[in-house]
Amino acid sequence: MPIHEKSLIRPENLKTHDELILDGVDVSGHWSTFIETRVVSDYNEAIEEEIAALPGGENIHRCWQCGSCTNSCTVNAINPEFNPRYWIYLIRMGMESELLRDKDIIWQCVSCNKCTYACPRDVFPEGVMKATSHWLERKGHTPKSPSMHFDEVFTEQILKTGKIEESRTIRRFFKRTSQGLMQPWMIEMVKRLLKNLPVGMLTRMGIATFVAPRTSNWSGASSAIQEYIDEQHQKQEELLNLSELIDIAQKDAAA
Amino acid sequence: MTKKDKYKKVAYYPGCALEGTGHAYNRSTKAVGKKLGLDLVEVENWNCCGAMEVKNVDPKIQTYLSSRVMSTAANEMNMDVVMAPCNGCYHNLKKAEYDLKNDTESVDVVDRLSKKAGHKTYESGQVETIHALDWIKETIGEDGLRERVKNSLSGIKIANYYGCMYTRPRHIFPEKDAGPGSESTSKPHFMDDLLEAAGAENVDFPLKTACCGGAHTLSDSDTSTKLVLNILKTAKLAGADVIATECPTCHSGLEMHQIRAEKTLGEVVDIKILYFTQLLGMALGLKAKKVGVHENISNSIGFLKEKGLG
Numbered sequence: 000m001p002i003h004e005k006s007l008i009r010p011e012n013l014k015t016h017d018e019l020i021l022d023g024v025d026v027s028g029h030w031s032t033f034i035e036t037r038v039v040s041d042y043n044e045a046i047e048e049e050i051a052a053l054p055g056g057e058n059i060h061r062c063w064q065c066g067s068c069t070n071s072c073t074v075n076a077i078n079p080e081f082n083p084r085y086w087i088y089l090i091r092m093g094m095e096s097e098l099l100r101d102k103d104i105i106w107q108c109v110s111c112n113k114c115t116y117a118c119p120r121d122v123f124p125e126g127v128m129k130a131t132s133h134w135l136e137r138k139g140h141t142p143k144s145p146s147m148h149f150d151e152v153f154t155e156q157i158l159k160t161g162k163i164e165e166s167r168t169i170r171r172f173f174k175r176t177s178q179g180l181m182q183p184w185m186i187e188m189v190k191r192l193l194k195n196l197p198v199g200m201l202t203r204m205g206i207a208t209f210v211a212p213r214t215s216n217w218s219g220a221s222s223a224i225q226e227y228i229d230e231q232h233q234k235q236e237e238l239l240n241l242s243e244l245i246d247i248a249q250k251d252a253a254a
Numbered sequence: 000m001t002k003k004d005k006y007k008k009v010a011y012y013p014g015c016a017l018e019g020t021g022h023a024y025n026r027s028t029k030a031v032g033k034k035l036g037l038d039l040v041e042v043e044n045w046n047c048c049g050a051m052e053v054k055n056v057d058p059k060i061q062t063y064l065s066s067r068v069m070s071t072a073a074n075e076m077n078m079d080v081v082m083a084p085c086n087g088c089y090h091n092l093k094k095a096e097y098d099l100k101n102d103t104e105s106v107d108v109v110d111r112l113s114k115k116a117g118h119k120t121y122e123s124g125q126v127e128t129i130h131a132l133d134w135i136k137e138t139i140g141e142d143g144l145r146e147r148v149k150n151s152l153s154g155i156k157i158a159n160y161y162g163c164m165y166t167r168p169r170h171i172f173p174e175k176d177a178g179p180g181s182e183s184t185s186k187p188h189f190m191d192d193l194l195e196a197a198g199a200e201n202v203d204f205p206l207k208t209a210c211c212g213g214a215h216t217l218s219d220s221d222t223s224t225k226l227v228l229n230i231l232k233t234a235k236l237a238g239a240d241v242i243a244t245e246c247p248t249c250h251s252g253l254e255m256h257q258i259r260a261e262k263t264l265g266e267v268v269d270i271k272i273l274y275f276t277q278l279l280g281m282a283l284g285l286k287a288k289k290v291g292v293h294e295n296i297s298n299s300i301g302f303l304k305e306k307g308l309g
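Top to bottom, those sequences are chains A and B. The numbering of the first sequence is numbering that gives the first Met the number 0, which starts it at 0 and goes up by one. The numbering of the second sequence is numbering that gives the first Met the number 0, which starts it at 0 and goes up by one.
Bound conformation, chain A alone (with noise of 0.2 Å):
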């Protein structure tokens, strides 16, 4: 299938000869440029299945690359590099080489989805784009994105308490990516917040911090959401064939 994006041409594959003569006739300048014919031979079969074996990436297979999904994108119109039609090409050829290039920014997706109200054909690419940025992380293709740090200390305050306090949110999660708290920008809004607020609600808010809101009789759904967690990650390390990764490590570690 061709690739129409010009900006998917990589500058190294661009070549330009200052002088160029084929045939008798002088193709010198920008008449000399050609791109690079390239043989892909590493496919990696494996990733589609793998990605639709994640939550999200179930539909992925009935995608036939209309490019909706990338036109309504909220992230691609202020980073161009972020395509999702294109990362769903590379995921189902199984070019993986190619979607390890733009590893780092995928989790980005901002679950806006635009593309899913776009796409003609169910893929959901909002779900692909989060498989996929699992499947990076899981595979050690990546570390773990501040999406994900921050996806998991909400969820542990959930299975925890059945609600979430958001100051307690924000301060683990700024403490788990190592960002200090006291940015210029959150001290001004903190200021800003506090200008009018009356002594009653400060109070309340002061309480919270301390008292975390909780549901009561949350044990018995903390535990079974634990279990089902617990047993969604095993069958995914199967299905990711991750035994194997982890089995490399250890050797190497050991070594």
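Please keep in mind that the hints were generated in silico from the structure rather than gathered at the bench. Among these hints, one or two may not hold up.
The calculated PhoX-like cross-link candidates involving lysine-lysine, where the alpha carbons are at most 25 Å apart (straight line), are [claimed, not checked]:
#, chain 1, residue 1, chain 2, residue 2
1, A, LYS190, B, LYS262
2, A, LYS190, B, LYS232
3, A, LYS162, B, LYS114
4, A, LYS159, B, LYS114
5, A, LYS159, B, LYS115
6, A, LYS102, B, LYS225
7, B, LYS235, A, LYS174
Since chain A is already given, all that's left is putting chain B on it; use the hints.
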């Protein structure tokens, strides 16, 4: 029973954000309900709907969490309508409803988890989930509001901002795009209708359903700041004094990144951000304090006084 009667007494699901950063939305929703004679019965011992974050960890857990809320409303409280003012909660309950109606695997997982957790399994169709916009639009409507307005919002130019979760993806909102009187997923208008009935002038705002980057508001703040700045600037260019919101995540995102844009990019956009329930409440004669205007970060107290409100 007509929607008008059915929505008069609803199970109220505020959700986590409305007990924290979105407290002003909680407060103003309750105050407006009281003023309009509508009955809100809070869902007993509710839990988080799962939000975007749990969905990212595993979508079926989010379905379960949302189903537990609906199960409590239906089975413990005998209610048939759940009203959620938060777009995230509203979206998630709708999504759970869709999944439980159409996906047997979700039904199995929810049943298994509900049994282990020790409560009745929610079955699709037991409750109808509505947004605070549906609630006021259907029970009181524009005509009803016009009759009740004490302080018209006239002279206030508003950009109505609905965000992502209220309309997308469309398959979880079967009642939208359903002909006359229904909400539109491409050009939502319920908030516009209500605020116009309260006297406000709605500006032509093309980014009603644009994304504020709420999902990564802290994990990818630079992206969120860019997206929010675009929304603020466009609203300003469209001539708006105020952006009206109907989601706590959008609201706090706009407020937070308005400041972040000032501090990190030096871009100052002076526009007030108010929940639609705050605006409606003041139009109905409630004091600014009663609807929590002083809890907002963007300071609109002076502006509202100038316009004869609060």
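Now the hints, each set against the structure:
{"no.": "1", "hint": "A/LYS190 with B/LYS262", "verdict": "holds, 13 Å"}
{"no.": "2", "hint": "A/LYS190 with B/LYS232", "verdict": "holds, 24 Å"}
{"no.": "3", "hint": "A/LYS162 with B/LYS114", "verdict": "holds, 20 Å"}
{"no.": "4", "hint": "A/LYS159 with B/LYS114", "verdict": "holds, 19 Å"}
{"no.": "5", "hint": "A/LYS159 with B/LYS115", "verdict": "holds, 16 Å"}
{"no.": "6", "hint": "A/LYS102 with B/LYS225", "verdict": "holds, 22 Å"}
{"no.": "7", "hint": "B/LYS235 with A/LYS174", "verdict": "violated, 36 Å"}
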